[in-house]
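As a plain string of letters, each chain reads:
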Amino acid sequence: MINNVERAVRTRHIKNSVFKWGVIAFTFIAVLPLIFILYYLVQKGVTSITWAFLTHMPKPVGETGGGILNAIVGSAIIIFMACIIAIPFSIAIGVYLSEFPKAGIANWARLSIDMLQGVPSIVIGIVIYEWVVKPMGGFSAISGSIALAIMMIPPIAKATEETLKRVPAGLKEASFSLGASYYQTTMRALLPAAMSGILSGVILSIARISGETAPLLFTSFGNPYLSANITKPMSSIPLLIFNYAISPYDEWQKLAWGASLVLIIFIFLLNIITKIAERKWKVQY
Amino acid sequence: MMAAKSNFFNAEERTFRLSLSAIALILILILVGIFCTLLSASIPSIQASGWKFLFSSAWDPVTNDFGSLPFLVGTLLTSLLALLMVLPFSLAIGLFLGEYYTEGRVSQTFKSVIELLAGIPSVIYGFWGLFVLVPIIRSIETSVGVIPYGIGLFTASFVLAIMIMPYAVSITRQVITMVPRHLKEAAYSLGATRYEVIQKVVLPFSRSGIFAGILLALGRALGETMAVTMLIGNTHSIPHNIFAPANTMPSVIANEFTEAVGTIYTSALIEMALLLFIVTAIVNFIGRQIIKQFAYDDK
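So the sequence lines, in the order shown, correspond to chains A and B. For the first sequence, position 50 matches number 50 in my numbering, and the numbering has no gaps at all. For the second sequence, position 240 matches number 240 in my numbering, and the numbering has no gaps at all.
Hints are supplied without guarantee of correctness; some may be wrong.
As the list claims (entries may be wrong) - What follows is a set of in silico ranges between Cβ atoms, one per label pair, in the way DEER data are often shown: (1) B/G145 x A/T55: 26 to 34 Å; (2) A/K15 x B/S40: 54 to 62 Å; (3) B/A186 x A/I14: 20 to 28 Å.
It should be emphasised that the hints constitute simulated quantities derived from the structure, not laboratory data. Each residue gets a CB set at the ideal place from its N, CA and C atoms; glycine is no exception.
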């Protein structure tokens with residue numbers, strides 16, 4: 001009898017520790033891919049990254065060497081324009097949602113943000129093709145920026161709303177008591193106080209879109225030459241990786257590995273900056 | 001004087017509020033516009049194919065005969081397979097971070113690692129899969145005795161599983177942390193082991209939240225384009241086994257949209273985007289509703 005109870009207790013304890021070690025094992029297995037991917041990227045990419053790689057154009061097939069200057073410049077221009085379009089717009093939405101949370105269209109706007117976040121990026125690419133590329137008569141860098149800008153709206157708007165909600169009511173009341181208008185209070189008191197939170201939302205959204213390829217396929221399209229004309233097709237790092245990765249030429253694939261490493265380093269740096277900004281997330285005023 | 005000044009303020013106030021409302025309205029219009037654009041651009045294909053579009057596996061640009069069945073099947077299979085693969089891992093990490101090691105250096109490290117995984121662009125996953133995973137899968141296929149394509153349904157699902165894991169994990173972890181302390185303590189006081197507490201209290205309590213996390217991860221998986229396009233094999237037929245090459249809706253669009261000639265061909269691809277938009281919207285909406293419900297229950 002006692003023996004049976006003891007055995008039952010022992011089984012339960014064994015089950016308990018087996019489960020715990022199972023959870024630990026699965027967790028460790030699950031992070032292995034990241035290590036593999038990073039290891040492989042560094043191993044393959046690090047030999048490509050030289051000064052010439054960053055400052056030269058891709059060479060034609062058959063010639064060794066060459067760089068990804070056109071893609072770096074293209075990505076910089078496309079992302080910069082996307083920021084110009086998306087940042088003011090998204091911050092305004094965040095302000096609206098936090099200042100008038102119960103207003104008539106606030107709930108619809110909030111639902112739209114949630115839905116927009118879920119729209120597959122390729123669908124956004126197609127829609128921007130219909131909205132911008134078709135009327136303009138051809139692929140253009142600006143259409144790629146607009147596609148990316150739409151993808152930037154949800155994270156920035158949410159970060160703005162969340163941070164503004166944490167700004168103490170006292171700050172707002174103090175501003176009103178000095179006779180400031182709503183507009184002045186928002187622009188001179190609330191937004192500056194919420195700056196670090198908004199900034200980290202902005203940086204995070206840049207990190208998210210800088211690797212996006214699908215929406216650029218039908219918009220900025222890619223360009224083997226260096227171009228700064230925003231009404232013409234333009235190259236970008238993710239598109240270059242895609243095109244060269246599926247190409248049969250070793251030299252191009254080597255460029256793609258280098259470009260992947262550059263892109264990953266850029267994205268990880270932005271993530272780290274966000275982390276630092278978040279640590280100081282506490283609203284400052 | 002005073003009156004004029006307060007009028008001035010009121011006007012400024014009103015403009016400020018109106019312009020903010022206008023911007024919010026533009027946001028809503030963008031979303032409505034996306035749907036309307038997709039719908040109106042799909043009309044030629046809807047008129048030409050009707051319901052057959054969903055049930056036919058013909059895909060012939062020459063005769064303008066389009067059916068999306070193989071791509072629907074391919075999308076569902078890759079996404080579901082990826083979910084199956086990711087589920088035990090996301091549950092394990094959710095328990096690891098939400099129950100066993102909620103704070104401390106180990107937990108922080110794992111959280112950062114998972115965030116980094118979420119940050120890797122799709123195209124790089126695809127590139128890595130093409131050069132690292134495909135040879136491995138090919139040798140597995142040779143030993144199993146199926147045609148060693150290397151690329152195909154299984155490879156694409158595997159990479160997809162890695163890609164959606166961070167999304168599933170973040171929600172699973174959150175809902176597991178939200179399980180009320182007193183419930184767990186009541187179970188412990190009855191002599192339950194930790195495993196029994198997890199099995200009888202934590203998991204039943206967080207079941208709906210975990211399900212919502214899976215739905216949101218599914219929403220991601222359905223629309224994922226680049227990695228899948230590079231690894232799926234792009235054949236226009238319904239796959240016979242899980243190693244066979246297939247195709248998904250986003251990859252067909254990515255591969256064929258710029259080369260599509262003719263109104264009906266382009267329109268058929270846009271109709272596929274419309275389907276994708278509707279399905280992901282529904283999946284995401286249900287997922288978010290469940291999470292909201294969960295948050296209310298907790299209060």
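**Item:** Violations among the numbered hints, reported as their numbers in ascending order
**Value:** Going through the list in order, the structure violates hint 1 alone and respects the others.
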